[in-house]
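Engineer: Sequence:
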Amino acid sequence: MGGRRSGGRRRRRPREPVALWWGLFAAVGALAVWVWSWRLALLAVLLWCVYEFIGVPTVCRMMTRQGFSCREPVRGRLFACGREHQELKVEAIRRLVGLRPVVRASSGPAVRERGAVVHSRAARTRLAQADLLVLATAAAGTVVALIGSLLGLTA
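In my numbering, the protein residues as written are 1 to 155.
Derived from the structure by calculation, the hints contain no laboratory data.
Idealized CB from N, CA, C, for every residue including glycine.
A couple of the hints might just be wrong.
Here are the in silico distance ranges between beta carbons for each label pair [claimed, not checked]:
#, residue 1, residue 2, range
1, Trp34, Ser69, 38 to 48 Å
2, Gly67, Val33, 18 to 28 Å
3, Val102, Ala136, 19 to 29 Å
4, Phe79, Leu20, 34 to 44 Å
5, Gln66, Ala19, 31 to 41 Å
6, Leu150, Gly67, 36 to 46 Å
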């Protein structure tokens, strides 16, 4: 996972107007305030959480064996650019929520490039600070929205 695909070319990051998504969140939030509906406010929070988990165009950000952050484009903060980086990201998320990482047999010998530092798996499975903050906030927002909707069913 050197950050390059076959032919030495990066995948293109999808071009999409992110402002449209934020406009949707703002519109639902403004509508919730206007009609004074906590259910619409919870819907706005839940939409934002789902967007951050699976929809936002971002980069992989998992640490490569050489110690650099992977810059391959991905969609959603829960996903990575390839199989190896996805395994690292799943392990990092499991550590974040307090679960033990799944111990697997090595997927192959570590590829050592001349003059490159190969970082340990524990160091490579740390989430980037930005992803850590947004994932924790989105998880908390999801929990609040689910509890609020369950309490709303009884009221």
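Engineer: Does each hint hold? Answer for all of them.
Structural biologist: Cross-check of the supplied hints:
Between Trp34 and Ser69 the C-beta distance comes to about 42 Å, which sits within the given range of 38 to 48 Å. Checking the proposed 18 to 28 Å range against Gly67 and Val33 shows it is violated: the Cβ atoms sit about 46 Å from each other. Taking the beta carbon of each, Val102 and Ala136 are about 21 Å apart, inside 19 to 29 Å as hinted. Checked against the given bound of 34 to 44 Å, the beta carbons of Phe79 and Leu20, roughly 21 Å apart, lie outside it.
A C-beta distance of roughly 35 Å is found between Gln66 and Ala19, which places it inside the suggested range of 31 to 41 Å. Under the hint 36 to 46 Å, the C-beta atoms of Leu150 and Gly67, about 45 Å apart, fit the expected range.
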